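J.: Residues per chain, in single letters:
There are 4 protein chains.
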Amino acid sequence: MKASVIGASGYGGIELIRLLSNHPDFELHAVYSSSKDGVPVTEEYPHLAEICPLPLTKIDAEEIKSTSDVVFLAVPSGAAASLAPQLAGGHAKVVDLSGDLRLKETEDYKKWYKKEPADKAFVSDAVYGLTEWNRENVKTAKVLSNPGCYPTAALLGLAPAVKNKIIDVKNIIIDAKSGVSGAGRGLSPIVHFAEMNDNFRIYKVNEHQHIPEIEQQLTWWNDETAPITFSTHLLPVSRGIMATMYAPLAKEMTTDDVHALYTETYKNDPFVRVRPSKQFPGIKEVAGSNYCDISVDVDTRTNRLVIVSVIDNLVKGAAGQAIQNANIMFGFDETSGLKGFPMYP
Amino acid sequence: MKASVIGASGYGGIELIRLLSNHPDFELHAVYSSSKDGVPVTEEYPHLAEICPLPLTKIDAEEIKSTSDVVFLAVPSGAAASLAPQLAGGHAKVVDLSGDLRLKETEDYKKWYKKEPADKAFVSDAVYGLTEWNRENVKTAKVLSNPGCYPTAALLGLAPAVKNKIIDVKNIIIDAKSGVSGAGRGLSPIVHFAEMNDNFRIYKVNEHQHIPEIEQQLTWWNDETAPITFSTHLLPVSRGIMATMYAPLAKEMTTDDVHALYTETYKNDPFVRVRPSKQFPGIKEVAGSNYCDISVDVDTRTNRLVIVSVIDNLVKGAAGQAIQNANIMFGFDETSGLKGFPMYP
Amino acid sequence: MKASVIGASGYGGIELIRLLSNHPDFELHAVYSSSKDGVPVTEEYPHLAEICPLPLTKIDAEEIKSTSDVVFLAVPSGAAASLAPQLAGGHAKVVDLSGDLRLKETEDYKKWYKKEPADKAFVSDAVYGLTEWNRENVKTAKVLSNPGCYPTAALLGLAPAVKNKIIDVKNIIIDAKSGVSGAGRGLSPIVHFAEMNDNFRIYKVNEHQHIPEIEQQLTWWNDETAPITFSTHLLPVSRGIMATMYAPLAKEMTTDDVHALYTETYKNDPFVRVRPSKQFPGIKEVAGSNYCDISVDVDTRTNRLVIVSVIDNLVKGAAGQAIQNANIMFGFDETSGLKGFPMYP
Amino acid sequence: MKASVIGASGYGGIELIRLLSNHPDFELHAVYSSSKDGVPVTEEYPHLAEICPLPLTKIDAEEIKSTSDVVFLAVPSGAAASLAPQLAGGHAKVVDLSGDLRLKETEDYKKWYKKEPADKAFVSDAVYGLTEWNRENVKTAKVLSNPGCYPTAALLGLAPAVKNKIIDVKNIIIDAKSGVSGAGRGLSPIVHFAEMNDNFRIYKVNEHQHIPEIEQQLTWWNDETAPITFSTHLLPVSRGIMATMYAPLAKEMTTDDVHALYTETYKNDPFVRVRPSKQFPGIKEVAGSNYCDISVDVDTRTNRLVIVSVIDNLVKGAAGQAIQNANIMFGFDETSGLKGFPMYP
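In order, the protein sequences belong to chains A, B, C and D.
With the first letter of the first sequence counted as 1, position 268 gets the number 268 in the UniProt record's numbering; the numbers rise by one all the way through.
With the first letter of the second sequence counted as 1, position 246 gets the number 246 in the UniProt record's numbering; the numbers rise by one all the way through.
With the first letter of the third sequence counted as 1, position 85 gets the number 85 in the UniProt record's numbering; the numbers rise by one all the way through.
With the first letter of the fourth sequence counted as 1, position 299 gets the number 299 in the UniProt record's numbering; the numbers rise by one all the way through.
Think of the hints as simulated: they come from the structure by calculation, not from any bench.
Computed from a predicted structure; not experimentally measured.
Each hint should be verified, as a subset may be incorrect.
One copy or two, it doesn't matter: identical chains are merged, so the pair holds either way.
[As the list claims (entries may be wrong)] As a list, the in silico BS3-like pairs of lysine-lysine whose alpha-carbon atoms are at most 25 Å apart:
id, residue 1, residue 2
1, 278, 110
2, 278, 111
3, 2, 339
4, 278, 114
5, 278, 36
6, 251, 204
7, 120, 142
8, 115, 278
9, 104, 163
10, 163, 251
11, 278, 163
Excised from the complex, chain A in its bound form (with noise of 0.2 Å):
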């Protein structure tokens, strides 16, 4: 099958050839870039050196449509909403990893994002390939609309205490860190190397374009849900995503209890680990892999429940979720080409 990426220059683009390259069931077809028509992708990223010979190409939607099984959509937010309505409905299926097909409610978008919405029913049309919990509709889905990072990683933690209400979901708190890959390869003084080394910063606080989309997942789960609260801060790594979250139980159970609920929920999941009580994951411990790892803990003086989930940004957080769903779409096998163990050290 062939596989295209579209914004192939930037972080989330460059994991994807990476783990595209070695995948059994998928061939790299082509690359584009909307800026760097004709640059060997190796003048962009010389680590490519020798292994992948694709020129950066110019967009075009016509083409790529009916040459490419399947489009991984890698641009900005922003640039998805016209381009990824181009991309569809022809031969190739479409996995969009921006953020622009993720609101159903569109207005929701324009607030959060401050950009003009994707027409509201492409969006509504588009499934939200958060896989673990929504496969049988990525098995058929044409548009797939990848999760972010951040709420990768806050829902697959929250998920099993959301769905079974064994939590109050009026008071969820995430406090949310990532690695810098995360912000993009844009240039600002805050990514400069001698200024973000040594540091850890708290970032649009309130603010952040993923409080939506977290939200209206949970409240798919539990229509009860309130607004929650959720801070994102950068870590001095270059990759990697720690979810601490916080809410108060609302039935009685120990450690021991919901550690078993978690471990039955993800029995089956092969890129999920649920780590044995008291064991609580570091980022490094998923770094370049696809799985999340997750730790659950009651506080028994507070009655709160902590629930920490870690993923790798680039990953599970974008690239390696997104080829997940793809496998799903194509019936492969959903770890095909996602073997790949965490790099460690």
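Using the hints, position chains B, C and D against chain A.
T.: Showing chains B, C and D alone in chain A's frame:
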């Protein structure tokens, strides 16, 4: 005034040496270590070559209390419980940086530190040196218990809100992140560079010994305070703490209202900087300095207040605040020896 | 083919596990450790949760040599000297990653490693596995001595120049820099995160045990080679080596001439990438992969050749090259199991 | 004495602000920037909140030269060539931190900097401020040219060997490594945190503009000096330079002999610390301070001398040495305002 440092081979100890060596009012008189009798401090710390000729000397409480005007006790928790009483009661004033004299309920110490507590009456007399909130008692203290690094960041951030009852003190959540020096110089795979680099960990979930210290102070300010949820994470940086704190507002207030309250509260405190609305501090912006920088933001969607507080764990969180307290104990200017700027970048 | 790993709790060991677990031709059969009998490998390395169910098992040479087809020996230098001979001579082929079988002059081993050498005849029979330059002998090796990480980077960079006599082999200077994993998992203040972070150190000046290994190979290529100067530094990164090498040109050549020689030399080597003139590799551009990237530049002012060579010390400098050699020893494709891309960023 | 800083929005500029703000003899009078007229310096650098109330002001040479006693010019190379002459000749003494006044042969400037040089006579009159080796001329300087960061580290390390003719000055190789702040605050993918983190790069191979500066000084000391080989690398740290230097010995000397020579040479220099034999400095051991730490080692196998020299590129390599020179120009104690200890860890 002659200042001595006990426990000079730890990170708190050498930071005291750095700050005391350029202090206009204290003279660094002697440095002590339980295990390194006769070893020049430069053997442990070559960065002190030619500028700290002192040898590490065996601890002799009688000699120390008679020859020093002030003793900074920077030994690990557990060791100060017996040592502090030996050093007290003589000529020297004692500033203890360990956790041994902080918890007035010595049963709490036993429970959280899992060690034998110091004598309850002795602990009772020790003055808790959260400088900005206890200056009057610090002035006359003979034995001062210096706050922990996490409690300093958390309490300075929470104080105006808790004292002025603008938040619901039954629902305080503190998500704290610390640089690796906070874990001390002891060796373990956790602090091995190859494994901590590019990593981020959560640890001691719901079990950190700073929990009762924070609760004790909050209760003094507002006795309705319920147990807090307090999480600690390890950042891949050498120094710095950020505490991100969440609580429901108890009154209707805007960000500007809360900001005004904080600004007013700390207007005369030379080491607390309340940042302008919508500007949030990174930990590097206080590195090497005694500043605590604080930002506040009201989330109108959830009616929760988010408070962000950053310090350098070795300065305002340890050696710097200890010297700030000693300045007050001796009638010096509170900022004496602490005017160094943050080192940036 | 059944592959076993001895010394599986070290960094070389777990990298072997990572690479062998996705190898199409080898099956990871068992993992051994001298000190952790019965401990699941996931207890030491939680990132292997659910993907490496093997327990660490006590080393039993007789059992191992009869049940494995190939044994990777990743124990510290000193331990392999006695263990390798016990493992050899049976069914299993042996690939030794320690330094114990590299120096044909066992007196040199004694001098530089300050340990007892292995039996001289045994060492003599071991094939030195600098793959690109010794494929014929590797093919038939029963006991293979895998090169050191620094020697791999240095020798691949120097080989074309030394063999073709374009540089003065009496004046070779190698300035090498390594990530911290190269120092192993042993604990010391040197590798404490708080002290290695934002730091850079030089160590073992003029005393590194890889010096005789490099000289031995250079002399095989050109017996006029004089003792080299070789310096080693520790970089604040987890992985990666750069060797920057200097030697006077022995012939009049331009950068383009030298570049052409290098390109021609390595044109059939899948894991050596000679970079275009004026493009120099960063260590991150090979991270996680088996590549060695090389650049050359002639300084016309001084008539010296500068050669830059980078590898991932745990892959091409250890586990990757070991597997590359094993592939050849068993007649598999040289790149089998090693097609993973560098992980960037 | 009133001190002004021009180019205050760069890293050299804010380091001057940090050091001048606590200087007992200079008062920070005003800060200037070519592009940020009226912007508070705290807007660019929030770490200066409440401690540097000055606004960045447009550069007006006439006003500056009449109101300041000393002007520190920290603008990029190229800008000082025209600005320095405008500032000179009036009341204010000028300390230029750019490279524009360093190369007495202005043709060399043109060749290496690829910019228009300053007036040759003006450059000729500027005193090269390698403090330890030019104090007499510094005393009377009206216009001082502060050395580059790499040259400072390299020259202080080489000086005793070159001046005393103990090394072959026709075969000097300098392998230098710098923290990222040395590249300035300008943005590029090279300094993007996600790509520089866990990375190490070599750059400007055989083309660095500090080459002629080093050669000029070495030739002044020994006119037989041949062109040097000088390589520059970028370390994933914010600050610090290490120069590792190699040259054949010209005389028979032991490490102890060379060590004695270095110790004797620098015995009266407060900022040069010659380390004990076999002890080598890490860059963190001088971070934040004006020290240059030096170690020497003779390799008896090759008869080469290895010299290691470390500085903080922003202090001894820029702002610190500039102030050290200004102290001498004004008759203050050489160490005035520079007594800060290294910040460790």
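J.: Now tell me, hint by hint, if it's right for this structure.
T.: Outcome of the hint check:
Proximity of residue 278 to residue 110 under the C-alpha cut-off of 25 Å is restricted to the inter-copy arrangement: shortest distance 21 Å between copies versus 42 Å within a copy. When the C-alpha separation of residue 278 and residue 111 is checked against a cutoff of 25 Å, the pair qualifies only between copies, where the shortest distance is 18 Å, while the shortest distance within a copy is 40 Å. With identical chains, the CA atoms of residue 2 and residue 339 are at most 25 Å apart both within one copy (20 Å) and between copies (20 Å). When the C-alpha separation of residue 278 and residue 114 is checked against a cutoff of 25 Å, the pair qualifies only between copies, where the shortest distance is 18 Å, while the shortest distance within a copy is 42 Å.
Taking CA atoms no more than 25 Å apart as the test, residue 278 paired with residue 36 passes between copies only; the shortest distance there is 22 Å, against 49 Å inside one copy. Proximity of residue 251 to residue 204 under the C-alpha cut-off of 25 Å is restricted to the inter-copy arrangement: shortest distance 24 Å between copies versus 33 Å within a copy. With identical chains, the CA atoms of residue 120 and residue 142 are at most 25 Å apart within one copy only, with a shortest distance of 16 Å there and 66 Å across copies. Only between protomers do residue 115 and residue 278 lie at most 25 Å apart by alpha-carbon distance; the minimum there is 21 Å, versus 43 Å within a single protomer.
For a Cα distance limit of 25 Å, the shortest separation of residue 104 from residue 163 inside one copy, 20 Å, qualifies, whereas the shortest one across copies, 43 Å, does not. For the identical chains of this complex, residue 163 and residue 251 are intra-copy neighbours only, at 13 Å inside a copy versus 32 Å across copies, given an alpha-carbon limit of 25 Å. With identical chains, the CA atoms of residue 278 and residue 163 are at most 25 Å apart within one copy only, with a shortest distance of 23 Å there and 35 Å across copies.
Violated hints for the displayed structure: none, as all numbered hints are satisfied.
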